[in-house]
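Trainee: As a plain string of letters, each chain reads:
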Amino acid sequence: GENVGLHLPTLSVQEGDNSIINCAYSNSASDYFIWYKQESGKGPQFIIDIRSNMDKRQGQRVTVLLNKTVKHLSLQIAATQPGDSAVYFCAEAAGGFKTIFGAGTRLFVKA
Amino acid sequence: GAVVSQHPSWVICKSGTSVKIECRSLDFQATTMFWYRQFPKQSLMLMATSNEGSKATYEQGVEKDKFLINHASLTLSTLTVTSAHPEDSSFYICSAKGSGVWGAGEQYFGPGTRLTVT
Numbered sequence: 001g002e003n004v005g006l007h008l009p010t011l012s013v014q015e016g017d018n019s020i021i022n023c024a025y026s027n028s029a030s031d032y033f034i035w036y037k038q039e040s041g042k043g044p045q046f047i048i049d050i051r052s053n054m055d056k057r058q059g060q061r062v063t064v065l066l067n068k069t070v071k072h073l074s075l076q077i078a079a080t081q082p083g084d085s086a087v088y089f090c091a092e093a094a095g096g097f098k099t100i101f102g103a104g105t106r107l108f109v110k111a
Numbered sequence: 112g113a114v115v116s117q118h119p120s121w122v123i124c125k126s127g128t129s130v131k132i133e134c135r136s137l138d139f140q141a142t143t144m145f146w147y148r149q150f151p152k153q154s155l156m157l158m159a160t161s162n163e164g165s166k167a168t169y170e171q172g173v174e175k176d177k178f179l180i181n182h183a184s185l186t187l188s189t190l191t192v193t194s195a196h197p198e199d200s201s202f203y204i205c206s207a208k209g210s211g212v213w214g215a216g217e218q219y220f221g222p223g224t225r226l227t228v229t
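Chains as they are written, first to last, in my numbering: chain A, 1 to 111; chain B, 112 to 229.
If we strip away everything but chain A, and leave its shape as in the complex, we get:
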């Protein structure tokens, strides 16, 4: 369903390691998925997207995996850097219409 008021889970990684952030989405009809990065006091910033006819898409240092069977989305960040520290949100959309955000994950990168 819609996102709920929960405190954000946290992922802490060492600089240089790979990060994996997971997300479960709710709507079986969703056909478009996006990962956003949000730094404190700022609006969301687009990272990468994927359509439902794909199960993997790669960008620069990031990879998104989509498993429609279990309605699961993941974001992999390679060689995580301190500048990657932020809150990451997955989002889903159906039919190109409104985008619904999932619960976020706070990523801490230790130097």
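Because the hints were derived from the structure by calculation, they are not lab data.
Just so you know, even glycine gets a beta-carbon here, dropped at the ideal spot from N, CA and C.
A portion of the hints provided could be inaccurate.
Unchecked claim - Residues of chain B placed beyond 10 Å of chain A at every Cβ, according to the derived structure: (1) 119; (2) 124; (3) 181; (4) 199.
What the hints assert, rightly or not - Lysine-lysine pairs mimicking DSS-like chemistry, simulated, CA-CA at most 27 Å apart: (5) B:175 <-> A:42; (6) A:98 <-> B:175; (7) A:110 <-> B:152; (8) B:177 <-> A:42; (9) B:152 <-> A:98.
Fit chain B to the known structure of chain A by using the hints.
Mentor: The following block gives chain B in isolation, referenced to the frame of chain A:
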């Protein structure tokens, strides 16, 4: 690339007053704009969808008489919080979508407006 601005970036108002927040698409025409609200340490919650020239569509639980949305042009949407109360204090974020935009982020987000009601 597509830029969305919001004004003001932060505002403090007294309880009972109204506050207007502007959302502008600077380099593209936004046929649809979205308004989100975000409480501390929480996700973005969609409040309403605004289409140019028509009435906004509000999400369940969002009071349309309290959160007035106007999308008078293809580059401007406004959100007015009427008779604001301390519980309306939040981070309000708009996003804009142009016609034919699909993929590549689909929406472009503004920097947000921090509203504090005292």
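Trainee: Run every hint past the structure and note whether it holds.
Mentor: Hint by hint, here is what the structure shows:
For residue 119 (chain B), the requirement that its beta carbon stay farther than 10 Å from each beta carbon of chain A is met, with the minimum near 14 Å. For residue 124 (chain B), the requirement that its beta carbon stay farther than 10 Å from each beta carbon of chain A is met, with the minimum near 19 Å. Distance to chain A confirms residue 181 (chain B) as a non-interface residue, since its nearest Cβ pair spans about 19 Å, more than 10 Å. A cut-off of 10 Å between C-beta atoms confirms that residue 199 (chain B) is not in contact with chain A; the least separation is 15 Å.
Straight-line distance between C-alpha atoms of residue 175 (chain B) and residue 42 (chain A) comes to about 26 Å, which keeps the hinted pair within the 27 Å bound. Between the alpha carbons of residue 98 (chain A) and residue 175 (chain B) the distance comes to roughly 18 Å, so the proposed pair stays at or under 27 Å and holds. Note on residue 110 (chain A) and residue 152 (chain B): the hinted pairing holds, with a Cα-Cα distance of about 20 Å set against a maximum of 27 Å. Between residue 177 (chain B) and residue 42 (chain A), the direct Cα distance comes to roughly 25 Å. Compliance with the 27 Å bound is thereby established for this hinted pair.
This hinted pair checks out: residue 152 (chain B) and residue 98 (chain A) have alpha carbons roughly 22 Å apart, not beyond 27 Å.
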